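Peer 1: So you can see what is in the structure, the chains are spelled out below.
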Amino acid sequence: MSIHFEKVNYIYQADTPFRHQALKNLTVSIPTGSYTAIIGHTGSGKSTLLQHLNGLLKPSSGSVTVADKTITAVTKNKELGELRKHVGIVFQFPEAQLFEETVLKDIAFAPKNFGKTPAEAEQIAREMALLVGLPEEVLQNSPFELSGGQMRRVAIAGILAMKPDVLVLDEPTAGLDPKGRHEIMQMFAQLHSQKQLTIVLVTHQMDDVANYADHAIVLEKGEVIASTSPQEVFKDPQWLLKHHLALPKATRFAYELQQTGKVVFEKMPLTEKELAASLVDLLGKGGN
Amino acid sequence: MQEPIIEISDLSFAYPQQQKKALSHINLKVAAGEWLAVIGHNGSGKSTLAKLIDGLLTPQSGTIRVAGTELTPTTLWDIRKNIGMVFQNPDNQFVGANVEEDVAFGLENQGVPRNEMLKRVKKALVSVGMLNFAQHEPARLSGGQKQRVALAGVIALQPRIIIMDEATSMLDPEGRRDIIQLLKSLNKEKGFTVISITHDIEEASLAQRVVVIDDGTLVQNDKPAKVFQRGTALIESGLDIPFSEKLKNELKSYRIAVPQEYLTEKGMVDWLCQFISKK
Amino acid sequence: MLSKVNFGFFLKGVRPLIWLILFTVLLQIFFARGGTVYWQWGPLSLTSLGIINGSYVFCRFVLIIFMSTLLTLTTAPLEISDALESLMGPLKKFKVPVYEISLMLSIALRFVPTLMDETEKIMNAQRSRGVNFGEGNIVKQIKAVVPLLIPLFVSSFNRAEDLATAMEARGYRGGEGRTKYRIHFWKRNDTLACILFGLTMIVLLYLRNW
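Sequence lines, in order, name chains A, B and C. At position 60 of the first sequence the residue is numbered 60 (this note's numbering), and the sequence of numbers has no breaks. At position 9 of the second sequence the residue is numbered 9 (this note's numbering), and the sequence of numbers has no breaks. At position 47 of the third sequence the residue is numbered 47 (this note's numbering), and the sequence of numbers has no breaks.
Since the hints were derived computationally from the structure, they do not count as laboratory data. From a predicted model like this one, the values you see are computed outputs, not experimental measurements. Treat the hints loosely; a few may be bogus.
Taking lysine-lysine pairs in the DSSO-like style, the calculated list, with each CA pair at most 27 Å apart, reads [to be verified]:
id	chain 1	residue 1	chain 2	residue 2
1	A	K163	C	K180
2	C	K121	A	K221
3	B	K278	A	K262
4	A	K273	B	K266
5	C	K143	A	K163
6	B	K81	B	K190
7	B	K266	B	K29
8	C	K121	A	K69
9	B	K223	A	K179
10	A	K221	A	K24
11	C	K121	A	K78
12	B	K246	A	K235
13	B	K122	C	K180
14	A	K105	C	K140
15	C	K121	A	K58
Here chain A stands alone, though its shape is the one from the complex (with noise of 0.2 Å):
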């Protein structure tokens, strides 16, 4: 499923005093499979350019295409509900989603949306319950019951329940204890790696996008001012510093210790493990 944005502008409110531009002729893509990262401020575009992503919006002018759904300015919304099944939406605090009786039914909410018999519906909501780590008697239980971090768990299990091509996540970890942020993040890298899904992140955790991500976007002003690697983002502190954005904590304190004047890295570390690596590396050539 490539997903390409070709010179999509979006404005809200177009034609009163309070138009504003929150796409400014954004081309971009987004490779199929990729575990790619949206990163920018808050005002920088990315929660206009996710609403794209399954047709919540359509572009001003310019086109998205997703697999092989073209979407216009004049794109009819009854053709969207084909691309709504294939590309799932995470949206922040998910659990405000949450309505039906039981965890089950929610679950099963979607599937049934697009098409699937009830008891097919049941039997994925059962699936995904199970995928997302549910235990199976709260299965039978009102989704409002639960703890805050289950609630989320729901939420994602019914989006996953859609059985989608595409994950959007929208910082989906936000509010989550560091516990419950690790388990939900190993989670979505475990989807990516076995099921080949594939999953956009948009964060504003730097230790995420270099600890799961390996393609990564940055939003300015509704603009695309980077789409590369997270190596190749992270390699320029200064770069980083005039856009206000912030480095992963491993390569901090790399650029720390390189200050120092003690240490070269030839390879910035993203991650702890690698800045364990590649220390253990020096420190191995100093001592020969």
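Starting from the structure of chain A, add chains B and C where the hints point.
Peer 2: Chains B and C in isolation, oriented as in the chain A frame:
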């Protein structure tokens, strides 16, 4: 320890219709002017503790003394004047129609005369850097800005204690840094006692003391360095460890002899430099 | 004019209701009986009284729309809630919680944009799960509203709970002994408006009796 401003003894609490205690037998003292971090995973009971201190919940047993006065239904409102709280969701604590009116809300409640109110609102907005936004409606503010307004509302009331109940957890990194910076100056320069309830380990590392709560019990109460030394035990209780500890763990797996005690990032850089020089 | 509101805005206010007004006016004209009969066809008749009634109805409608346009354009919702509080002031003697009612109103107004935002978010989330809002037959449309309304209710209750806690923590304990930050001043224009209004009333009353 000097005269404690908050003294909690043998405090237990269970939510109605729940068997399990949310907090059991908590003992804790907080010194005036101290910055205390309370950390624990979601549902550990740390927010419950904050609400108990402010009298927003009533304990089943145990006592809480704030500035020498025991918390009872009769002293409740006077005690609350000593405490300002900022909560997690920036939207759900914004009462006023715009920024200045929201800051004034607490003052109105205390029946402060209007002339005095005008002065205090202005001063509070200046101290959080939001004076230029005085007329703004909440819909036009970012999460971080709303939390700064909430802090201004607290400052205007001139309490002695500020409790941040996961007040940075819904903010983006910039908003979070902003609020933490502000808290630092309020603690250092203005002498507010700060209690920050959090699971952000970076935020906790700024505190003079860290209290770890796990499943309703207080499991540790010590300097940050000591608490962070527990490393993997922290991870097991659902928390994170500081970056330098993570790096140490990684290095350890390569059989490198790392120091036992907790090092800040700066300390870690220094140690690594020495280590490399020695080679 | 005193309010400095462009006359075009008044006409804009009338436009959406023009069919309703015309319909009512025509009903009055053709069905009212009395006075001189000019024309008659079956149940329909055109009489002098009908025409007079019709023009009255027309004037009333337009006046009501003009007045409410004027109010909403010149006065923020919050000021209206303040005005209500002060108007209901005397009711305090009868233990009506006037202050609380007005605070409730002002908080409700403050949360309107927040809830609109929330609605939009939930609609987007459910659309992504295959709900089509505003499509299909009436049964389908009603069904589509459930996944929107329940989350909205739940989140509103959560918000209300949070808000209540936050208000209590900030020392809110009812209207008694509270001072007010937002106050309104009586200006020269207010006096002018009152005099003009009074004069109009007198003239109208005089005309009526005449």
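Peer 1: Next step is simple, just say for each hint if it's right about the structure.
Peer 2: A quick look at each hint next to the structure:
As the CA atoms of A:K163 and C:K180 are separated by approximately 56 Å, the hinted pair breaks the 27 Å bound. Of the pairs offered as hints, the one joining C:K121 and A:K221 holds, with about 22 Å between alpha carbons and a cut-off of 27 Å not exceeded. Note on B:K278 and A:K262: the hinted pairing holds, with a Cα-Cα distance of about 11 Å set against a maximum of 27 Å. For the hint linking A:K273 to B:K266, the alpha-carbon distance of about 19 Å falls within 27 Å, and the restraint holds.
Distance check on the hinted pair: C:K143 and A:K163 sit about 24 Å apart at the alpha-carbon level, within 27 Å; holds. About 17 Å separates the Cα atoms of B:K81 and B:K190, which keeps this hinted pair within 27 Å; it holds. For the hint pairing B:K266 with B:K29, the CA-to-CA distance comes to about 30 Å; that exceeds 27 Å, so the pair is violated. Of the supplied pair hints, the one linking C:K121 and A:K69 holds, its CA atoms being roughly 25 Å apart against a limit of 27 Å.
Of the pairs offered as hints, the one joining B:K223 and A:K179 holds, with about 23 Å between alpha carbons and a cut-off of 27 Å not exceeded. Simply put, A:K221 and A:K24 have alpha-carbon atoms about 8 Å apart, close enough for the 27 Å limit, and the pair holds. Taken as a hint, the C:K121 and A:K78 pair is honoured in the structure, with Cα atoms around 21 Å apart against an allowance of 27 Å. Our distance criterion of 27 Å between C-alpha atoms is met by B:K246 and A:K235, whose separation comes to about 22 Å.
For the proposed pair B:K122 and C:K180, the alpha carbon gap of about 16 Å is at most 27 Å, so the pair holds. Annotation: proposed proximity of A:K105 to C:K140 holds, straight-line Cα distance about 18 Å (limit 27 Å). A hinted pair counts as satisfied when its Cα atoms are at most 27 Å apart, and C:K121 with A:K58 qualifies at roughly 16 Å.
Hint check: violations occur at hints 1 and 7; the rest are consistent with the structure.
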